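Participant: Listed below, chain by chain, are the residues.
Protein chains: 2
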Amino acid sequence: MSSSAAQIRGLIGDRVKAVRGKDVDALVLHYARDVLSFDVVNPLQSTGSDAIKKRLDEWFSSFQGSIDFEINDLKITASEDVAFCHGLSNVKGTTTIGGKISMWYRTTICYQKMDGRWTITHEHDSVPFNVESGNASLDLKP
Amino acid sequence: MSSSAAQIRGLIGDRVKAVRGKDVDALVLHYARDVLSFDVVNPLQSTGSDAIKKRLDEWFSSFQGSIDFEINDLKITASEDVAFCHGLSNVKGTTTIGGKISMWYRTTICYQKMDGRWTITHEHDSVPFNVESGNASLDLKP
Numbered sequence: 001m002s003s004s005a006a007q008i009r010g011l012i013g014d015r016v017k018a019v020r021g022k023d024v025d026a027l028v029l030h031y032a033r034d035v036l037s038f039d040v041v042n043p044l045q046s047t048g049s050d051a052i053k054k055r056l057d058e059w060f061s062s063f064q065g066s067i068d069f070e071i072n073d074l075k076i077t078a079s080e081d082v083a084f085c086h087g088l089s090n091v092k093g094t095t096t097i098g099g100k101i102s103m104w105y106r107t108t109i110c111y112q113k114m115d116g117r118w119t120i121t122h123e124h125d126s127v128p129f130n131v132e133s134g135n136a137s138l139d140l141k142p
Numbered sequence: 001m002s003s004s005a006a007q008i009r010g011l012i013g014d015r016v017k018a019v020r021g022k023d024v025d026a027l028v029l030h031y032a033r034d035v036l037s038f039d040v041v042n043p044l045q046s047t048g049s050d051a052i053k054k055r056l057d058e059w060f061s062s063f064q065g066s067i068d069f070e071i072n073d074l075k076i077t078a079s080e081d082v083a084f085c086h087g088l089s090n091v092k093g094t095t096t097i098g099g100k101i102s103m104w105y106r107t108t109i110c111y112q113k114m115d116g117r118w119t120i121t122h123e124h125d126s127v128p129f130n131v132e133s134g135n136a137s138l139d140l141k142p
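Protein chains in written order, with my numbering: chain C, 1 to 142; chain R, 1 to 142.
Keep in mind the hints are simulated off the structure, nothing from the lab. Relax, there's no trap hidden among the hints.
Partner residues are not named here, just some residues of chain C that face chain R (Cβ under 8 Å, in silico):
| no. | residue |
| --- | --- |
| 1 | Pro43 |
| 2 | Ala78 |
| 3 | Ala83 |
| 4 | Arg106 |
| 5 | Thr108 |
| 6 | His124 |
| 7 | Phe129 |
| 8 | Asn130 |
Since this is a predicted model, take the numbers as computed values, not measurements. C-beta atoms are modelled at their ideal positions from N, C-alpha and C, and glycine is treated no differently.
Based on the sequences and whatever the hints tell you, model everything.
Facilitator: Here it is as structure tokens:
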């Protein structure tokens, strides 16, 4: 594995820990100020790390206590200064309204090295939808 | 713009033409044999260019005549041998059952240079969903 790929793998490990600990600041740190993100839920797209922070604050506050989180099937492709990775994110927890959630979604994270630091300039998270029902597929498993 | 970025921009131009002309072979040519794709519709993930071909065949045959297709807000990030780009894909057409479709979805395409050719090793296409209704958001506009 290239040293770039090893660095990205380390960042993903940090990300998993930060989501489990609901540490918004540790997560936001890795996004470019003008990151363009495609999220699991509306809207179609968002621009900026402030939007990421707002979304994480909302998401984390919808869970009671800590979140059980992992990223499976992680595949990293990296050159010296451009990299991308993808995997299947799994989030499990209890919502503030008492429901149990266990959901898999697809994650693609794209990095550029800026001032010597790997920085997320684009992220795409989603679930597919069922073409017959028009519903988002929230119960698929790998 | 770097020469890599110019090459990717050219490939996206070719892609747009190929979708409009329903040219499955011209599209499949650019995918790695073991490409990992996250599509707009189920399943959660697919592996391989054969799955891409099957999906394109199905998708194109669901339209009467040609498809009106574009990718807006294209942003390309490229090094010598790793690149990614993202944009908003818009498909318009008339389905074989007579319905008019005009839909925007998010597209992220990730490339590796293999044997001197830019090759798609990962693609992620999706629409977000409406968290209140659980429905896929098929009518959002940029």
